[in-house]
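**Q** What follows is the residue order along each chain.
2 protein chains.
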Amino acid sequence: MTCKSSDTMESQKAHTTLGEYLINQLYSLNVHHIFGIPGDYVLGFYDQLTKSKIKIINTCDEQSAGFAADAYARVRGLGAVCVTYCVGGLKIVNSTAEAYAEKSPVVVISGAPGLPEKKKTPLLHHRVRDFNTQRDIFSNVTIASTILDNPEDAPAEIERVLSAAIRHKMPVYIELPRDNVYKIISNPRICSVPEFNSDAAVIREALQEAVSMINSAQLPVVVAGVEVQRFGLQELLLKFLQKTNIPVVSTPLSKSVINELHRSYLGVYEGAMGYPHVRNYVESSDCVLLIGTFMTDIDFGNSPTPVEQGKTINITSSKLSIKHHNYENVEMRDFLEKLNNVDLRKRNIDTSLKREGILALQQRPSNRDKITVDGLFGKLNDFLTPDYMVIADVGDALFGGLDLVIHKGTEFLSPAYYLSMGFAIPASIGAQLANPAIRPIVLVGDGAFQMTGTELSTIAREKLNPIIILLNNDGYRTERTILDGPFNDLYSWDYSKIVELLKVGVSFDVNSNREFESALEKAKENGREFVLINVHLDRFDASAALKRLTESLSKKVR
Amino acid sequence: MTCKSSDTMESQKAHTTLGEYLINQLYSLNVHHIFGIPGDYVLGFYDQLTKSKIKIINTCDEQSAGFAADAYARVRGLGAVCVTYCVGGLKIVNSTAEAYAEKSPVVVISGAPGLPEKKKTPLLHHRVRDFNTQRDIFSNVTIASTILDNPEDAPAEIERVLSAAIRHKMPVYIELPRDNVYKIISNPRICSVPEFNSDAAVIREALQEAVSMINSAQLPVVVAGVEVQRFGLQELLLKFLQKTNIPVVSTPLSKSVINELHRSYLGVYEGAMGYPHVRNYVESSDCVLLIGTFMTDIDFGNSPTPVEQGKTINITSSKLSIKHHNYENVEMRDFLEKLNNVDLRKRNIDTSLKREGILALQQRPSNRDKITVDGLFGKLNDFLTPDYMVIADVGDALFGGLDLVIHKGTEFLSPAYYLSMGFAIPASIGAQLANPAIRPIVLVGDGAFQMTGTELSTIAREKLNPIIILLNNDGYRTERTILDGPFNDLYSWDYSKIVELLKVGVSFDVNSNREFESALEKAKENGREFVLINVHLDRFDASAALKRLTESLSKKVR
Numbered sequence: 000m001t002c003k004s005s006d007t008m009e010s011q012k013a014h015t016t017l018g019e020y021l022i023n024q025l026y027s028l029n030v031h032h033i034f035g036i037p038g039d040y041v042l043g044f045y046d047q048l049t050k051s052k053i054k055i056i057n058t059c060d061e062q063s064a065g066f067a068a069d070a071y072a073r074v075r076g077l078g079a080v081c082v083t084y085c086v087g088g089l090k091i092v093n094s095t096a097e098a099y100a101e102k103s104p105v106v107v108i109s110g111a112p113g114l115p116e117k118k119k120t121p122l123l124h125h126r127v128r129d130f131n132t133q134r135d136i137f138s139n140v141t142i143a144s145t146i147l148d149n150p151e152d153a154p155a156e157i158e159r160v161l162s163a164a165i166r167h168k169m170p171v172y173i174e175l176p177r178d179n180v181y182k183i184i185s186n187p188r189i190c191s192v193p194e195f196n197s198d199a200a201v202i203r204e205a206l207q208e209a210v211s212m213i214n215s216a217q218l219p220v221v222v223a224g225v226e227v228q229r230f231g232l233q234e235l236l237l238k239f240l241q242k243t244n245i246p247v248v249s250t251p252l253s254k255s256v257i258n259e260l261h262r263s264y265l266g267v268y269e270g271a272m273g274y275p276h277v278r279n280y281v282e283s284s285d286c287v288l289l290i291g292t293f294m295t296d297i298d299f300g301n302s303p304t305p306v307e308q309g310k311t312i313n314i315t316s317s318k319l320s321i322k323h324h325n326y327e328n329v330e331m332r333d334f335l336e337k338l339n340n341v342d343l344r345k346r347n348i349d350t351s352l353k354r355e356g357i358l359a360l361q362q363r364p365s366n367r368d369k370i371t372v373d374g375l376f377g378k379l380n381d382f383l384t385p386d387y388m389v390i391a392d393v394g395d396a397l398f399g400g401l402d403l404v405i406h407k408g409t410e411f412l413s414p415a416y417y418l419s420m421g422f423a424i425p426a427s428i429g430a431q432l433a434n435p436a437i438r439p440i441v442l443v444g445d446g447a448f449q450m451t452g453t454e455l456s457t458i459a460r461e462k463l464n465p466i467i468i469l470l471n472n473d474g475y476r477t478e479r480t481i482l483d484g485p486f487n488d489l490y491s492w493d494y495s496k497i498v499e500l501l502k503v504g505v506s507f508d509v510n511s512n513r514e515f516e517s518a519l520e521k522a523k524e525n526g527r528e529f530v531l532i533n534v535h536l537d538r539f540d541a542s543a544a545l546k547r548l549t550e551s552l553s554k555k556v557r
Numbered sequence: 000m001t002c003k004s005s006d007t008m009e010s011q012k013a014h015t016t017l018g019e020y021l022i023n024q025l026y027s028l029n030v031h032h033i034f035g036i037p038g039d040y041v042l043g044f045y046d047q048l049t050k051s052k053i054k055i056i057n058t059c060d061e062q063s064a065g066f067a068a069d070a071y072a073r074v075r076g077l078g079a080v081c082v083t084y085c086v087g088g089l090k091i092v093n094s095t096a097e098a099y100a101e102k103s104p105v106v107v108i109s110g111a112p113g114l115p116e117k118k119k120t121p122l123l124h125h126r127v128r129d130f131n132t133q134r135d136i137f138s139n140v141t142i143a144s145t146i147l148d149n150p151e152d153a154p155a156e157i158e159r160v161l162s163a164a165i166r167h168k169m170p171v172y173i174e175l176p177r178d179n180v181y182k183i184i185s186n187p188r189i190c191s192v193p194e195f196n197s198d199a200a201v202i203r204e205a206l207q208e209a210v211s212m213i214n215s216a217q218l219p220v221v222v223a224g225v226e227v228q229r230f231g232l233q234e235l236l237l238k239f240l241q242k243t244n245i246p247v248v249s250t251p252l253s254k255s256v257i258n259e260l261h262r263s264y265l266g267v268y269e270g271a272m273g274y275p276h277v278r279n280y281v282e283s284s285d286c287v288l289l290i291g292t293f294m295t296d297i298d299f300g301n302s303p304t305p306v307e308q309g310k311t312i313n314i315t316s317s318k319l320s321i322k323h324h325n326y327e328n329v330e331m332r333d334f335l336e337k338l339n340n341v342d343l344r345k346r347n348i349d350t351s352l353k354r355e356g357i358l359a360l361q362q363r364p365s366n367r368d369k370i371t372v373d374g375l376f377g378k379l380n381d382f383l384t385p386d387y388m389v390i391a392d393v394g395d396a397l398f399g400g401l402d403l404v405i406h407k408g409t410e411f412l413s414p415a416y417y418l419s420m421g422f423a424i425p426a427s428i429g430a431q432l433a434n435p436a437i438r439p440i441v442l443v444g445d446g447a448f449q450m451t452g453t454e455l456s457t458i459a460r461e462k463l464n465p466i467i468i469l470l471n472n473d474g475y476r477t478e479r480t481i482l483d484g485p486f487n488d489l490y491s492w493d494y495s496k497i498v499e500l501l502k503v504g505v506s507f508d509v510n511s512n513r514e515f516e517s518a519l520e521k522a523k524e525n526g527r528e529f530v531l532i533n534v535h536l537d538r539f540d541a542s543a544a545l546k547r548l549t550e551s552l553s554k555k556v557r
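Each protein sequence line maps, in turn, to chains A and B. Terminal number for the first sequence in numbering that gives the first Met the number 0: 557, no gaps in between. Terminal number for the second sequence in numbering that gives the first Met the number 0: 557, no gaps in between.
Here are the computed lysine-lysine pairs in the DSS-like style, where the Cα-Cα straight-line distance is at most 25 Å:
hint, chain 1, residue 1, chain 2, residue 2
1, B, 117, A, 310
2, B, 118, A, 318
3, B, 119, A, 310
4, B, 310, A, 118
5, B, 117, A, 322
6, A, 310, B, 118
7, A, 502, B, 502
8, B, 318, A, 119
9, A, 117, B, 310
10, A, 462, A, 502
11, B, 118, A, 322
If you're looking for bench data, these hints aren't it; they were derived computationally from the structure. Every value quoted in this text rests on a predicted model; they were computed, and no experiment measured them.
The whole structure should be built from the sequences, with the hints applied where relevant.
**A** Here's what the structure looks like:
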């Protein structure tokens, strides 16, 4: 952000309090919902929020507020979670770590004791080691943090921290001493999102080298990573693909960064767990253009023959590497824009590559059979339209979900690198509020459902209508293949009864493909409330992708 | 602990692996259950646990495993929680902070990537900023931490860390790289709990001063704090009371540290929110002997006329202060033992003081009325016997619960200082496994129930039988008095239906005192499973203690 004293954005009132000022800044940055649970150190700020244009979304537990804010940030560009001191804040360290690991700009706002009371009573309730403990902890999982203990500095501090969130697409931490939220801001600043520019000489040299590599390559391929979505580079990517006809793949973390029906799209590259034709194409390529991709074990590492660095052009938000050398001060956006403005060889598209992937999805069992994981994903794939967004929790919900064909951009959300269980149901709240035009389909295992499934309560409270597909197989299925034992078993719930506990929603128990198909159709007709489809799967059934992944992981336990 | 190569304790096998070694150490320190959820980085250790004498208790979410281990530690002297790297560990930062704030020796054990894989693939799944992030975070909420990356050092490191937990009654952190759990320990050590001794000259001088103050006081009083329980000093305290007839009070955090029917016991000192006769006695005393007490705002700070330091003898595990000066190197145990061996004036007991408190509890409404918070606690007080332990969550569950008369020592558990909601139901799992002889009665508000109530699943799985009393008043009642708004409302569940979701347990919906009494009787008769009593309270009803507390807190919001 750049900030001035003028009125380039919504002007601040003359007698704005610190709390109102922060609220106005967030609202002007597209944050229209905030997730959390109040507590006495943050009640004053909650009261200010109630009187503002930002809507508070109360979740059942703070952890879910963190996950919801993360999803909101992924869909909308910025999200916020607001909690009380320590007993609230320390419940969302994990969800903030997830946002850090997967580049999601979440603003963590925490109430805190006021300055006079800290001096008067050192042992205030909720305190841990000292009054800085919570901020010290969050400094490990955020890119910037501040304690707004001085109203004079607050506008500059808010600017610094929110700028960092937007610049790096990473979480940040703002602590609000409760007495200060009522202090008047004497020097309000009007902020706008900042622009960052590359070093012209560096980008010229890098571009020349990249163009030469791309044009001389026999089998170039683009790996479109999650930063393409986070930094809003989809249009530039599409232009590049149009211009060159180079095939493109996504990764588990970036799945749906591009419409999967795009003629240049081959599929998800997942190393050893993906479709062989995608893996072979990427790993035999002589020029791999990695755009905004993290080289994670899930995305790359579980392949015994991963991408060779000497064949890569790798641009991320932090640096550009070509082969084994690095260029600093090159912005992804600038690089892609420049690439689209130079001469690049246009190739012919080999449509046979795409057909292979689509054929694989059509090999599904008949309607009379007991439902299987493969059958479930086959039916769901037929059901999907651009009206739906898929949100996958960890496990076969994710690995099976990666085979689905997503019709538009950014319609598949999952914690595919950090892999924290319990994400999907709370995330559907954030995603649907961030974009009410599309209905979430949540894929969740029974293990993850037992963690955060009660957030269907929040879904009911906010009158949202996700379709929850519960992959019910009595345990932590992914772990069973790696190393099984009674610790992988779950106590079995009658999950469908949750609609009676919550007094709203519809549920179906599903055992066959036909029942599943029928439940999906009924869910489609019922847009008024959430629909839970409890799919009873065999305890050891798994998707092909999961079987390949767990086989690879099991070699690493010892 | 002191450790030798001989066999003063259970001897270690010749070919013990690092994982087995840690398990044996924990078991010999009375840890017979461990709480957690497995993940791929900790599966090998879970497999070793399965083959050991320690029983794994799987919870639904890691947060609850943290709370359960905390309660286990409070009842049994040491507890342990075992989780996977980051996605498990970072979910229990809050429960570990609670253990830190309230002095509960919880051993946090986390799996982690193996050393070779960390070198080979920097972006392994679950990683946050770097491979030390989790340990850096836990260093803020533990007294000692270690990463067992070297099997040679492991026995000494385990000794150092477990010793610190036992010495300070604080949480500690042990990280297990997954490849190392299978490494053979070549130098096993045999450990026993250490003894610490005071400085003789210091204790002599301090004792002389303390004895003079105590003997010359007109109205001395003992405030027995939570460290009396944590450090096992109850017998020494009783001996001192017997010897002197000085009246004694507890605090919210230490409630039940002494049998509340003891003839010297006046009640819980809670500053402005307690019974006036207790408050007046303590605040007008000319010699307040604080033993193992933290001077927290909840315990002391909300009184406008708190204890004057110039009239105190204050001994804790970290130091001894008399009036405004400090003595170092004085152990609480040594000091109490010495105090019991010198001449101290024996006083007469003023029984009128005690009667006043008991009378207050008997002023209860009749059986025909709609149930009120006061009525609930009155009936429950009549119902209590030494066969029950009370575990209170945050809110009126706690504040009302403080009025109950507890019949034996250590039968009232709550996070009365850190005040983290969602503690009580998971804590009942830890408490009952730590001491199967007494049945937990859980007091929980609807807000806290929505956070961790699904752990009734774990209760069912382990065939435990707590009685859950749900104070159902449609919101965060404590906050309503401070500053109310729609953010204090909860989405209403039909809580009784949870027994259908979980396919086990019994539930009652209660609207009148008579129904409550009847439900309690049925719960008493049914010892086979959990019983949930859903008590429908008026939205604005509150205990007298809560009314006094919230009035005091509301002055601090601005």
